[in-house]
Amino acid sequence: EVQLQESGPGLVKPSQSLSLTCSVTGYSITSNYWGWIRKFPGNKMEWMGYISYSGSTSYNPSLKSRISITRDTSKNQFFLQLNSVTTEDTATYYCARIATGVMDAWGQGASVTVSS
Amino acid sequence: DIVLTQSPALAVSLGQRATISCKTNQNVDYYGNSYMHWYQQKPGQQPKLLIYLASNLASGIPARFSGRGSGTDFTLTIDPVEADDTATYYCQQSRNLPWTFGGGTKLELK
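Order-wise, the sequence lines are chains A and B.
Numbering-wise, the first sequence is residues 500 to 615 according to the working numbering.
Numbering-wise, the second sequence is residues 190 to 299 according to the working numbering.
For the record, the hints were derived by calculation from the structure and aren't laboratory data.
Possibly wrong hints are sitting among the right ones.
Chain A regions said to be covered by chain B (calculated; three or more residues, Cβ under 8 Å) [claimed, not checked]:
no., segment
1, 537-547
2, 553-562
3, 593-600
Partner residues aside, some chain B positions facing chain A, computed with beta carbon under 8 Å [claimed, not checked]:
no., residue
4, Tyr219
5, Tyr220
6, Gly221
7, Tyr224
8, His226
9, Leu286
10, Phe290
11, Leu296
The calculated DSSO-like cross-link candidates involving lysine-lysine, where the alpha carbons are at most 27 Å apart (straight line), are [stated by the list, open to error]:
no., chain 1, residue 1, chain 2, residue 2
12, B, Lys237, A, Lys543
13, B, Lys295, A, Lys543
14, A, Lys543, B, Lys299
Glycine is no exception: its CB is placed at the ideal position from the N, C-alpha and C atoms.
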């Protein structure tokens, strides 16, 4: 059974970078697609981007050039970096396995607050 | 971007049927499939996939849950509703990038 677990700082200062790790067990990240989704206070959900089994990426244009998703296949982990954060980036961040656009397995989520 | 619209809340009685709707501003059908999916999220938990491609039940999901629709109109039905079904339900489209979600429908018991 696939399991995903997010980890990273819970507090980030404005203008700095947010970095999260998703550790995957029970399934290789060299198969399928792997993505990041966030849920804002007030329940709005936003797909942020994904990295494919081959390492190619796709990002939500709303995040413009602030986002980067990378991976370490030797550790079966993938990573989110979001630059120049503001208070608007305060959210719970989820990593997920994706198959044909369907998010069929999710991590428990990492709450990130952007505040000075 | 494709916009998905859901009613914010729905209240139903135990044992009754709950029907949650999701309307899109663009057709999400493509080559015979409707790229619409449904998730359940309970407080403090991660979202869970319920239905994929409009009407397919995800693994381990009870048959009380069903989905239907095509084009721009979709519904998730829970029949009969149990106490454990109180949660927020989200629709999500994968027809076009960026993939987008509805605003969520909070299901409450009367």
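Hint by hint, work out which the structure violates, then give me just those numbers in ascending order. 4, 5, 6 and 11
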